[in-house]
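Given the structure of chain A, go ahead and fit chains B, C and D onto it with the hints provided.
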Amino acid sequence: MLAALVALTDAACSGPGTMTSAEGPGAHRISLLSVGMFAIAAFVFLVVICFLAYGLFHRRPEGSGGDPNLNDHGGTRMVLLGGVAFPIVVLIILFVITLVALQAQAREDTGSHVFTIDVIAHRWWWEFQYPTQGIDTANEVHIPTGEPVLMDVTSTDVIHSFWVPKLQRKVDAIPGRSNEVTLQADTDGTYLGECSEFCGLQHAHMRFTVIAESSDAFDTWVADQQKVPVEPTGAALAGQQVFLGSSCVYCHSITGTNASGTVGPDLTHVATRTTLASGTIPNTPEELAAWIQDPQSIKPGTQMPGSALSPTQLRQLVAYLEGLG
Amino acid sequence: MATATEARLEEIWAEEPGPVSWFTTGDHKRIGSRYIVTALVFFFLGGLEAALMRWQLAQPGATHLTPEQYDELFSMHGTTMIFLFITPLFTGLANYLVPLMIGTRDMAFPRLNAFSYWIFLASGIFLYAGFVVGAAPNGGWFAYPPLTGPIFDPGINMDIWSLGLIFLSISTTAGAINLIVTILKLRAPGMTLARMPLYVWAMFVTAWMMVLAMPPLTYANVLLQLDRNLGTHFFDSTAGGDPLLWQHLFWLFGHPDVYIIFLPAVGIISTVIPTFARRPIVGYPYVALATVLTGIIAFGVWVHHMFATGLPPLGLTFFAAASMIITIPSGVQIFAWLATIIRGRKPVVTTPFLFAIGFIVVFVIGGVTGVMFASVPFDQGVTDSYFIVAHFHYVLFGGAVFPMFAGLHYWFPKITGRMYNETLGRWSFWLIFVGFNLTFFPMHVMGLLGMPRRIYTYPPDLGVGGLNLLSSVGAAITFAGAVIVSINAIVSLRTGAQASANPWGAATLEWATTSPPPHYGFASIPVVHGRDPLWEQPELASDLTLTDGREILGTTVTDAEPEEALAMPEGSVLPLLTALGFGGVFVSLLLGSVPAAVLAGLMTLAFIGAWTWRLGGVPA
Amino acid sequence: MAELDVPTANGRDPRSDRGALALAWFGILGPPAAWAAQLLLSDAFAEVGCEAGGFSSISLVLIAITVAALAIAAAAGAVAFLQLRRARSSDDDPTRVERVRFMALCGCLSSGLFVVLIALGGIVPHLMLSTCTSP
Amino acid sequence: MSVAQAEPRGARAPGWWGMALFILAELTLFGTALASYLYLRFRAPTWPPPGVEQPDVVLGAIATVLLVGSSLPMLWAERGIERGEAVRMRIGILISIVLAIGFLGIQGYEYATASFSWRSEAYGSLFFTILSLHGLHVIGAILIVGWLEVRSFAGHFDREHHAAVQVGALYWHFVDIVWLAIFAVLYLSPRI
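Chains A, B, C and D, in that order, give the protein sequences.
First residue of the first sequence? That's 535 in the working numbering, and the numbers climb one at a time after it.
First residue of the second sequence? That's 226 in the working numbering, and the numbers climb one at a time after it.
First residue of the third sequence? That's 23 in the working numbering, and the numbers climb one at a time after it.
First residue of the fourth sequence? That's -16 in the working numbering, and the numbers climb one at a time after it.
In case anyone wonders, no lab produced these hints; they're calculated from the structure.
Example chain D residues on the side facing chain B (calculated, C-beta under 8 angstroms, incomplete):
1. G1
2. L12
3. L23
4. A27
Pair ranges (Cβ atoms, derived):
5. I350(B) to A(-6)(D): 32 to 40 angstroms
6. G41(C) to I84(D): 40 to 48 angstroms
7. G(-7)(D) to A573(A): 57 to 65 angstroms
8. A354(B) to D601(A): 48 to 56 angstroms
9. L163(D) to P794(B): 35 to 43 angstroms
10. A573(A) to G642(B): 44 to 52 angstroms
Note that the Cβ used here is the ideal one computed from N, Cα and C, for glycine as well.
Bound conformation, chain A alone:
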C-alpha cells in the first residue's frame, strides 16, 4: 500500500504543487522528513501484515468452544516488544529529528534576510507589499533566486494560510497577528502558491504565483514596478476616463490618478501580471473584458460587482488597463 503511495507520488511529480519535489530549503526539510517517515511507516505496516497473515493462516487444532485457560505467556512478550519497546525507540529518534528540523527552521527565520515582504491576505486575493522597495502588487510575488526573503504574513478579514508547496511550509494568515516565514527558491522558475485554510466561498480560487528570478532580472522588475505609468493616449485615455468615472475607484488604486481604494488589488502595473482574479484566469484582453463584465460568473461570491459598460467603453477600459505595463 505505502510503496504504492511513494510510487504514485514520484510518478505524479510533474504537478506544480508537488511537495516531494522540493525547490526550496524549507520544502527540502519537509520532503526529507516525509520520505524517512514513509519508510518507517511502510516497515511497520509490513510487520503488522506479516503477523496478521501468520495469525490467520498458520495451521493449528480447530477448537469448538472458547478455551479460557490457553496461556498467553508468549503473547504478552510480543505485545510488550511490538507495542511498547520498539515504538518508544522509533518515536524518540523521530522526536529528536523533529527537534533538529525545528531548530533549523528557527535559525532560518531568525537569521538574516535580504528584505521583507508584507503578505496581506484578503477575501480571496493576496496583497504583497515591498516596504523597502515601495511596491504594492497582488497575486504575483517576485523574489531573487537563492536569497532568503522574510514573509510577514497577516490577514485583514478571516484566517487564510500562505502555502507554497514546493518551497516552504505553510503559515496561517491571522487577523491581528503577524507570522513570519522565510521564503527561498534555489532555482529560477514560477511556483504555485495556494490559500490552505478554508476562508469562505472562493477559497478554491485564491492562488498566487511566486516568481524566482536572477537578482538583476529582479532589479529590473522592481524598477518597472516603481515607475509611475506614462500618461495614456487615444483609446487608453478614453479608457482612463471610463475608469475614473465608474465605481472602480472605490476599490482599486492606480498611482498617478486619484483612485485610491484598497478593497481590491492595486492596478498600477496590472498588465505585467500573467494571471488575473488571484490565479483564476489568464491575463488576456478577452478574459479581462469578461471578468470586468460579470465577475460573479467566474468567481461566484467575489466582492467585485458586475459592471454595465457599453461594449465600446469596455474596450477602451481594457485598452487602458492593458497599457499599465
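Same frame as chain A, but now just chains B, C and D:
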C-alpha cells in the same frame, strides 16, 4: 421454580401495551435500538452529502454545485458523521449492551436515558432544519472565527450549528454520566475492575472523556453565540479578543472527541476477535490500561491541530511529544489483537471477524500516517491538505465505521433474535473494503500534490484530476457496500434464521440471556468468578432474583460487592416533555425571541419539577 | 447486608482498606496528573515568557516544573510497585488479590509511560531549542 | 435469600454519583472559562485596558462572604434531616436561599453601575460573561433547593429517606466553592 420467577419478573417489568409505551419507555434495550436506528439514518444522510461532494469533485472545474451548496455540504457532512452518527450510535450500542454485559437489568437512570435519546433526536432535527430553510451551517465542522463571526457569516447558518451543538451536548453529557454510574454501581457481584469486559472498559473511558470534553465545546459555542448576537469581542482581534482562543477551546474538545469516537470501536474489536479466535484476549491488563491511557493523553495533544498558526516552537514541542507517545497505547492494543489471533484456535471466519481484520489493516495505515503529524515540520507541510483528509478517513471510517459494521453484525442476532445472511455480509465487507481504499488512498497523493482541503473545485493543471475520479468511483463502491448491509439487515429481520442465545459461543454475559433478551434481562443476577463467565461457568443462575418490584443490585465500585437492592422507576412521558421544553428554548433562541425562550424555559422547569418530585425521598 | 457466597466487604479493617485503595488510584492517576500539570504550566510559561519579551530564567522555570513532575510520576510508580510485590505474597481472598495486582500493574505501566512522556516533552526540547525563538 | 431493599445515601446512591459527575462537567466548564480569561489577559499589553477601572473588590468580598456563608446553614440543614428534624432543614434551606438572593442583589448592582459593558471590549465581555454564567448557576441552585423546601412541606423527607437533600446540598456547595475561584481570577488577579 425458574419459570415462576420469570413469569413474576415478566409481569413486574412489563410496560403499557401499545404505542403509548413508545413515548414512555425507560427500557435500555428499546432506547439503545432507537439510538442505533436514528444514528444509521444520519449515517445515510452523511453518506449522501459525501456522494454529492464526490460528484462535484470527480473532474476539474465541475459546476454541479455552487460554492455555497458545497460549503454547506462539507460542513454538514463533517458535523453529521461526527456528532449525529458515530457517537450516538456507539452510545446506543452501549446503552443496549453495557447493562447486559455487567449482569444487571437496566441503566442506573432509565428516565435520564430516555431523555438523552429525545434530546439527541431533537438536536439532529434542529441541525438539519438548516437545509429546509436554505441556510445550513457553512463554516466547516470546526467553524473557525472570524469566518463564522458576525461580520463574515451574518446569516442564521452558524447560529443553527452552534446552538445545535450546545443542545446536543446536553444529551451527550447526560448519556455519559448515566453510563459511568451504571458501570460503577451496578456490576454483577464478583465483577471486580480486573474482570470487567474490555468493551465495558472502553465505554467507561469514553464516557469519562465525554463528561470532560463537552464543556470546552459548549463554552466555545456560548462565546461564539455571544460574539455573533450580543456584540462581545472574544474572537475579535481589534478589541482584545483572539481568533486562536476559539481554536484552543475547540481542539481541546476536538481531539478527545476523535478518541471518543475511536475507543468504543476498540472495545468492539477487543470483544469480537477473542470470540472468533476462541480464546481470551492476550494481555488483558495491558489492553485495559491502554484504553485508559489513550483517553487521558488525548486531552494533552490538541495543539497539533494548530502547528501552522505561528505559536512559539518550544510550546509546540510539548504537544508534539504527547502526540507521539499517544500512539504507544494504540500499538499495544494492535499487537494484543494480533497475539490473540496467533495464540488462538483456527479463527472462525464470519462477517464481524472480516470487518475486524479489515479494521486492523486500515487502522494501521491511518495510525502510521497519524504519527507523522506529530513531527511539527511535516505537519506544517501537509496540514489542511488532502493528505489530512486521507488520514482522518482512515482512522475514522476505517477506525470506527469498520468496527461499527463488525459490532452490528456481531450483535445483530442478540438484538433482533435473527441471524443475518452470511453471503450478503461477505459481499458487503469486500465491497466496503475495496471501495474504501479506492476512495481514500489516492487522497494521500492528492495532498502531496498540493490539493488544499475544502475546495469546491480545482484547476486541471494541479494534476489531481485522475485521482479525484478514482476516488469518486471508490465512493460509489463503498456506498453500494453500505446499501447491501442495509438490505442484509432488512431482509434478515423477517426471513433470517432464528438466533440461539449464544450463536458465536462468546464469553461475555449478554450471551447468557435469550435473543432478544426479555424486559427484565436476567432472571437472577449472575455471580461472576472470572473474565470470561460463559466459558468458565456453565451454570450462571444465582439466587439473587430480586422480585420485590422493579429492582436491580447496587454494588461497590472496585470489587462489585453487593450493597443493597435499588428500586427502579416506572416508564414516564416526562423525559420526552422535558426534551421538548429544551427544544422550545433552543428554537426560541435561534429565532431570537427572548419571551418565547423564557416561556419555554418555565415549561421545562415545570416538567423537571414533576420529574424529580418523587426522587430520593419517601417512596410514593 | 446480603448473606451470599460472594466475597463481601465485611470482616476487614475499612481504614487500611481505603488507604490501600487510595494508594492504588494514586499509582494509576498520579503520573498523568503530574504530566498534565507539567504540560499546562510549561506551555503557559513558554507562551507568556516568549511574548512578554522572554525573560532569561524561563528555561530554569521549565526545568524545575519538569523535574517536579518526574518526581511525582516516579513516586507513584514506586508506590504501585510496592503494592504489586506485597500483593504477590498476600493471602487475601483471590478475587481481591487479582484486582489489587491488576491495579498495581497498571500503576507501574502508567508511571513508566508518563515518565518517558514528561522527560520527552520537558527536557529534550530544552537541549535542542533556545527557549524563546521568536514565532 | 434476597438482598434488603434500602434507600442508599451518600457515596452509595447512584443519584449522588450522578450529581458528582455533573459537578465535574461544570467544574470543567468554569475551568475553561477562567482559562480563557487568563489566556486573553496575558495577551493584552495592559489589563484592564485603559479607561476601564478595576472591579470593586470590597463589593466582591461582601458578595463572597454572603455566598460562601450560605453553605453553613445548608450544612446545618443536612445534619438536621439526617436526625429526622424536617423543620430544622427547612429553616436552614431558607437562610441559604436568602443569603444567595443577597449575593445576586450585589451582582445586579454591579451590572447596573459598571462603567463598561460586555459590548465595549474583550475585558468587559469576559467579566460579564463569567459573572452571568455563575449567576445563572446560583439561580439554578436556588431553584433546586427551593424545590427541596416545597417537597419537605409535602413530607417527602425523613431520617430514612433524604438522598435528594444530600444531592441538592452537594450542588449548592459546588456553586459556592466555584465562586471563590471566580472571585480570585476576576477581582484579585488584575491587581497583581
